[in-house]
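Peer 1: With these hints in hand, go ahead and build the complete structure from the sequences.
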Amino acid sequence: METLINRPSRSLQYFAIAKQWSLDLDFHRTELVFLNRLLDDYFIRLSAPHYIEKLKGNKKDLCIVEEQGRKTEELLSLQIVFLEMMSDDVIPEDVQSLEAKQINLEYLMNDINRAFRKTKKVLFRMIEELVQNDDLYD
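When you number the sequence shown by my numbering, it's gap-free, plus one each residue, and the end is 136.
In case anyone wonders, no lab produced these hints; they're calculated from the structure. Any given hint might turn out to be false.
[Stated by the list, open to error] With a cut-off of at most 25 Å between alpha-carbon atoms, the simulated DSS-like pairs for lysine-lysine come out as follows:
no. : residue 1 : residue 2
1   : Lys116    : Lys69
2   : Lys17     : Lys58
3   : Lys54     : Lys118
Just so we're clear, the structure is a prediction, and the values are computed from it rather than from any experiment.
Peer 2: Now the structure itself:
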């Protein structure tokens, strides 16, 4: 006879969300490398006076997103460990503690996603403008 294992549904739900966030952070890490290389490749051409302030701000924003990502990844890793232990019944489920941490992580992920998209848009606009201006002179 098969026995159904009754796992705490809240911790499993949080676990699935946390794993998705972990994948999102991995994607951001890869994209940040790409964006930094893109900045490096276009740095000379972007160092014109009207680009320099945007460039400085963009580079700073990328560093902030990268640092926030590292801090969030540490918190997320701890959350995943606790969720795995709760889902395996190693420790009892603490819904209140889980919920508070999950909400905090959700705010952090939303902030990172918003900052990442904004920074990426600004960088792509600068490079697009640069490339279009170069095409005008060819």
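Peer 1: Each hint should be assessed against the structure and marked as holding or not.
Peer 2: Cross-check of the supplied hints:
1. Lys116 x Lys69: Given pair Lys116, Lys69 holds - Cα atoms ~20 Å apart, limit 25 Å.
2. Lys17 x Lys58: Measuring from Cα to Cα gives roughly 28 Å; hence the hint is violated.
3. Lys54 x Lys118: holds (14 Å)
Checked against the numbered hints given earlier, the structure breaks only hint 2 and satisfies all the rest.
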